[in-house]
Amino acid sequence: AQKITQTQPGMFVQEKEAVTLDCTYDTSDPSYGLFWYKQPSSGEMIFLIYQGSYDQQNATEGRYSLNFQKARKSANLVISASQLGDSAMYFCAMREGPRGSRLTFGEGTQLTVNP
Amino acid sequence: NAGVMQNPRHLVRRRGQEARLRCSPMKGHSHVYWYRQLPEEGLKFMVYLQKENIIDESGMPKERFSAEFPKEGPSILRIQQVVRGDSAAYFCASSSLGQPSGNTIYFGEGSWLTVV
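Chains A and B are the protein sequences, given in the same order. Letter by letter, the first sequence follows residues -18 to 96 in our numbering. Letter by letter, the second sequence follows residues 665 to 780 in our numbering.
Hints should not be assumed to be uniformly reliable.
Stated by the list, open to error - Subject to a maximum C-alpha distance of 25 Å in a straight line, what follows is the list of computed DMTMM-like cross-link-like pairs (lysine to aspartate or glutamate):
hint : chain 1 : residue 1 : chain 2 : residue 2
1    : B       : Lys708    : A       : Glu88
2    : B       : Lys726    : A       : Glu88
3    : A       : Lys(-16)  : A       : Glu25
4    : A       : Lys51     : A       : Glu25
5    : B       : Lys691    : B       : Glu721
6    : B       : Lys691    : A       : Glu25
7    : A       : Lys(-16)  : A       : Glu(-2)
8    : B       : Lys708    : A       : Asp10
9    : B       : Lys735    : B       : Glu704
10   : B       : Lys726    : A       : Glu77
11   : A       : Lys54     : B       : Glu773
12   : A       : Lys54     : B       : Glu682
13   : A       : Lys(-16)  : B       : Glu682
14   : B       : Lys691    : B       : Glu704
15   : B       : Lys691    : B       : Glu773
16   : B       : Lys708    : A       : Glu(-2)
17   : B       : Lys708    : A       : Glu(-4)
18   : B       : Lys715    : B       : Glu682
19   : B       : Lys708    : A       : Asp67
20   : A       : Lys(-16)  : B       : Glu721
21   : A       : Lys54     : A       : Asp36
22   : A       : Lys(-3)   : A       : Asp36
23   : B       : Lys735    : B       : Glu773
24   : A       : Lys(-16)  : B       : Glu716
25   : B       : Lys708    : A       : Glu25
26   : B       : Lys715    : B       : Glu727
27   : B       : Lys715    : A       : Glu42
28   : B       : Lys726    : B       : Glu682
29   : B       : Lys708    : A       : Asp7
30   : A       : Lys54     : A       : Glu42
31   : B       : Lys735    : B       : Glu705
32   : B       : Lys691    : B       : Glu705
33   : B       : Lys691    : B       : Glu727
34   : B       : Lys735    : B       : Glu682
35   : A       : Lys(-3)   : A       : Asp67
36   : B       : Lys715    : B       : Glu704
37   : B       : Lys715    : B       : Glu773
To be verified - Pair ranges (Cβ atoms, derived):
hint : chain 1 : residue 1 : chain 2 : residue 2 : range
38   : A       : Gly33     : B       : Met669    : 27 to 33 Å
39   : A       : Thr1      : B       : Val780    : 16 to 22 Å
40   : A       : Glu(-4)   : B       : Asn671    : 22 to 28 Å
Note that these hints are calculated values from the structure, not bench results. No residue lacks a Cβ here, since even glycine has one placed at the ideal position from N, Cα and C.
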């Protein structure tokens, strides 16, 4: 079974609009962490936002927010006021367990922001 | 990303040659992770190392691949007798903790291996 599922291979959004990138996860461990990374065409992995399983509030970082719905096991990334520079591949990832050290990544969503 | 240094950024090898990829973690970080990204895919965990120790190598192919993180110097991912299927981007990440959370894990810019 997939640990991390990103069901949208590609998404399009108009500049200045908001977009939601979906991510669902599968774990039986009560302690886990969820990450979102951006990978532009240049290839580097850029950390965007993190949500811990015990965090009471949804994480926010500037224009990025994480819609964390624990019961549904979803951790969708919301980008507000999209910019052309947001065009990139976006990956959701999970770290499992209190001693978990490695990240499991989804297959990614290619976001294109149109002018 | 700042601080995790990977080199070379791009490497071309002929089939059968050896590839060596280096990773210097962020200053103060003692935990290093290697991930592989095949074309059009997400990153896949390969190995987790601390200084002079391999903690988890469950993602490493059983043959031809090895990794080390010596007491002094960078972590090295070595691929012997490369084949075309080894062509991928190899990412190194480091953290100060064995349980990365938030922005405590940092990725390098990746090393792109092309096998011809």
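Here is how each hint holds up against the structure:
{"no.": "1", "hint": "B:Lys708 with A:Glu88", "in the structure": "holds, 10 Å"}
{"no.": "2", "hint": "B:Lys726 with A:Glu88", "in the structure": "holds, 24 Å"}
{"no.": "3", "hint": "A:Lys(-16) with A:Glu25", "in the structure": "holds, 23 Å"}
{"no.": "4", "hint": "A:Lys51 with A:Glu25", "in the structure": "violated, 29 Å"}
{"no.": "5", "hint": "B:Lys691 with B:Glu721", "in the structure": "holds, 23 Å"}
{"no.": "6", "hint": "B:Lys691 with A:Glu25", "in the structure": "holds, 19 Å"}
{"no.": "7", "hint": "A:Lys(-16) with A:Glu(-2)", "in the structure": "violated, 30 Å"}
{"no.": "8", "hint": "B:Lys708 with A:Asp10", "in the structure": "holds, 20 Å"}
{"no.": "9", "hint": "B:Lys735 with B:Glu704", "in the structure": "violated, 35 Å"}
{"no.": "10", "hint": "B:Lys726 with A:Glu77", "in the structure": "holds, 24 Å"}
{"no.": "11", "hint": "A:Lys54 with B:Glu773", "in the structure": "violated, 30 Å"}
{"no.": "12", "hint": "A:Lys54 with B:Glu682", "in the structure": "violated, 42 Å"}
{"no.": "13", "hint": "A:Lys(-16) with B:Glu682", "in the structure": "violated, 33 Å"}
{"no.": "14", "hint": "B:Lys691 with B:Glu704", "in the structure": "violated, 32 Å"}
{"no.": "15", "hint": "B:Lys691 with B:Glu773", "in the structure": "holds, 16 Å"}
{"no.": "16", "hint": "B:Lys708 with A:Glu(-2)", "in the structure": "violated, 32 Å"}
{"no.": "17", "hint": "B:Lys708 with A:Glu(-4)", "in the structure": "violated, 32 Å"}
{"no.": "18", "hint": "B:Lys715 with B:Glu682", "in the structure": "holds, 23 Å"}
{"no.": "19", "hint": "B:Lys708 with A:Asp67", "in the structure": "holds, 24 Å"}
{"no.": "20", "hint": "A:Lys(-16) with B:Glu721", "in the structure": "holds, 19 Å"}
{"no.": "21", "hint": "A:Lys54 with A:Asp36", "in the structure": "holds, 14 Å"}
{"no.": "22", "hint": "A:Lys(-3) with A:Asp36", "in the structure": "violated, 29 Å"}
{"no.": "23", "hint": "B:Lys735 with B:Glu773", "in the structure": "holds, 23 Å"}
{"no.": "24", "hint": "A:Lys(-16) with B:Glu716", "in the structure": "violated, 30 Å"}
{"no.": "25", "hint": "B:Lys708 with A:Glu25", "in the structure": "holds, 15 Å"}
{"no.": "26", "hint": "B:Lys715 with B:Glu727", "in the structure": "holds, 23 Å"}
{"no.": "27", "hint": "B:Lys715 with A:Glu42", "in the structure": "violated, 33 Å"}
{"no.": "28", "hint": "B:Lys726 with B:Glu682", "in the structure": "holds, 16 Å"}
{"no.": "29", "hint": "B:Lys708 with A:Asp7", "in the structure": "holds, 17 Å"}
{"no.": "30", "hint": "A:Lys54 with A:Glu42", "in the structure": "holds, 21 Å"}
{"no.": "31", "hint": "B:Lys735 with B:Glu705", "in the structure": "violated, 33 Å"}
{"no.": "32", "hint": "B:Lys691 with B:Glu705", "in the structure": "violated, 30 Å"}
{"no.": "33", "hint": "B:Lys691 with B:Glu727", "in the structure": "violated, 31 Å"}
{"no.": "34", "hint": "B:Lys735 with B:Glu682", "in the structure": "holds, 23 Å"}
{"no.": "35", "hint": "A:Lys(-3) with A:Asp67", "in the structure": "holds, 11 Å"}
{"no.": "36", "hint": "B:Lys715 with B:Glu704", "in the structure": "violated, 32 Å"}
{"no.": "37", "hint": "B:Lys715 with B:Glu773", "in the structure": "holds, 21 Å"}
{"no.": "38", "hint": "A:Gly33 with B:Met669: 27 to 33 Å", "in the structure": "holds, 28 Å"}
{"no.": "39", "hint": "A:Thr1 with B:Val780: 16 to 22 Å", "in the structure": "violated, 41 Å"}
{"no.": "40", "hint": "A:Glu(-4) with B:Asn671: 22 to 28 Å", "in the structure": "violated, 36 Å"}
Checked against the numbered hints listed earlier, the structure breaks hints 4, 7, 9, 11, 12, 13, 14, 16, 17, 22, 24, 27, 31, 32, 33, 36, 39 and 40; every other hint is satisfied.
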